[in-house]
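Enquirer: Please construct the entire structure, taking both the sequences and the accompanying hints into account.
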Amino acid sequence: MRCDSITDAIGNTPLVRISPEIHGLTHIDLYAKLEMLNPFGSVKDRAAWSMVRESLGDARNQDQTIIELSSGNTAKALAVISGMHGVPFKSVTNRMKVPEIKDLLLLIGAEIEELPGQAECLDPTNVDDPLTRIHQAIARDPNYLHTDQYFNSKNTAAHVDTTGPEIIADLEGTAPDYFIACVGTAGSSTGVANVLRDARADVTVVGLVAEKSDFIPGIRNIDEVHEVGLFDPATYDTIESVSADDAIDGMLDLVRRCGMLAGPTGGAAYFGAQRYLQKVDGQLEAAGTGERRTAVFIVCDRVESYMSYVRARRPELLGQTARPNTVGTVSDEELAEVQALTPQQAQQWIVDANPVIVDLRGAFAYTASRIAGSINIVDELFGELLRGGLPFGKTQPVLLACPIGEKSAKYAALLNRMGHSGIRSLDGGIVAWRDAGAPLVRD
Numbered sequence: 038m039r040c041d042s043i044t045d046a047i048g049n050t051p052l053v054r055i056s057p058e059i060h061g062l063t064h065i066d067l068y069a070k071l072e073m074l075n076p077f078g079s080v081k082d083r084a085a086w087s088m089v090r091e092s093l094g095d096a097r098n099q100d101q102t103i104i105e106l107s108s109g110n111t112a113k114a115l116a117v118i119s120g121m122h123g124v125p126f127k128s129v130t131n132r133m134k135v136p137e138i139k140d141l142l143l144l145i146g147a148e149i150e151e152l153p154g155q156a157e158c159l160d161p162t163n164v165d166d167p168l169t170r171i172h173q174a175i176a177r178d179p180n181y182l183h184t185d186q187y188f189n190s191k192n193t194a195a196h197v198d199t200t201g202p203e204i205i206a207d208l209e210g211t212a213p214d215y216f217i218a219c220v221g222t223a224g225s226s227t228g229v230a231n232v233l234r235d236a237r238a239d240v241t242v243v244g245l246v247a248e249k250s251d252f253i254p255g256i257r258n259i260d261e262v263h264e265v266g267l268f269d270p271a272t273y274d275t276i277e278s279v280s281a282d283d284a285i286d287g288m289l290d291l292v293r294r295c296g297m298l299a300g301p302t303g304g305a306a307y308f309g310a311q312r313y314l315q316k317v318d319g320q321l322e323a324a325g326t327g328e329r330r331t332a333v334f335i336v337c338d339r340v341e342s343y344m345s346y347v348r349a350r351r352p353e354l355l356g357q358t359a360r361p362n363t364v365g366t367v368s369d370e371e372l373a374e375v376q377a378l379t380p381q382q383a384q385q386w387i388v389d390a391n392p393v394i395v396d397l398r399g400a401f402a403y404t405a406s407r408i409a410g411s412i413n414i415v416d417e418l419f420g421e422l423l424r425g426g427l428p429f430g431k432t433q434p435v436l437l438a439c440p441i442g443e444k445s446a447k448y449a450a451l452l453n454r455m456g457h458s459g460i461r462s463l464d465g466g467i468v469a470w471r472d473a474g475a476p477l478v479r480d
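Using the numbering used here, the letters of the sequence shown map in sequence onto residues 38 to 480.
Read the hints as simulated data drawn from the structure, not as lab findings. Keep in mind that the hints are not guaranteed to be accurate.
Said to hold, decoys possible - Keeping only pairs whose Cα atoms sit at most 20 Å apart, straight-line, the calculated DMTMM-like set for lysine to aspartate or glutamate is:
#, residue 1, residue 2
1, Lys249, Glu371
2, Lys134, Glu151
3, Lys249, Asp464
Expert: Structure below.
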């Protein structure tokens, strides 16, 4: 295939059948849409090109900077496209959680501004969230071309125009019986689902989100996904959750058994698809009709950018042992033993026990609004402190707080293991504290 520009290579990715010997399904043909083979490495190449292609000339002529609230593949694709057309690019994000992506953005020439929000996803209804403030500010600033992936209909349109029709064409003009998709900005899942349902009304669409306490690159958890402007729960027949361990297990199957160098998002999609379709396969087997069905999931991006993610969660895969006193070693049983206080209980405990209150959020979010008297130790730094031993006396009352309560619970479990008897976690985090009307210091 001859192209005049690298952007001509976006799309038309392969649809690859996975052998039944690997997935174990008897009555279902399972296909992977390999979006990892887009030129910049992910499914976001389509959305990025769709959102800026008609505005690049004006942006260059008006000396605008393209800006996006992204810490991952959307930022990467926009940075490459912007650089090709002589337009600056800036990523504003709730911390770059995958260092390989940050390094690559810097290599491309992007500017990165890390302004930690109160949750992992922009919440436009929360006027106190730093990311929301930035979102509102850049939307009004004529110096920026804000691509706005969470609300831009061109994100969805990219998949209505290309991804969905490609799947139908590769299946010889028919839509699959099942479409399984991870939900991030919801652009690809919504766009593809709309196309498939137009071709076939009975397509079953399964949305996959991360478990509430887990981080999987490119996937929102069930709370965060409702904050995305493109998300419509009516798009999905069912929404199921997958864990980080599920995602890595699925990724290993794709990498080692299928030859697909997929990242954890694709691994989550494969794991979720296999788990859901096993139930369907059993029903078809029981019916005994010999009926065959088809299913498609998306491999979003490549594994090379996520080696630090794998190393932190499954170091044994890279020939290493887990470091002691890290949250990655906390078990579900240890989490169940954590004393988590509601905002009301925490307020009373603060009065009664006078604990040290440790806010694990980033400095910007802490400065914007915080519990009176709290101290700020960003979670990564707090993790480093724990590797050296207990940073408090064993009986010192301590209340840990994070955005939504999941990180504080893990650190509380770790401190319990280390022999600390006075640790508590704020259930629901600063978001729950705010929603309960509890007092916050605001700057």
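Enquirer: Does each hint fit the structure? Answer for all of them.
Expert: Status of each hint after checking the structure:
no.	hint	in the structure
1	Lys249 <-> Glu371	17 Å, holds
2	Lys134 <-> Glu151	10 Å, holds
3	Lys249 <-> Asp464	13 Å, holds
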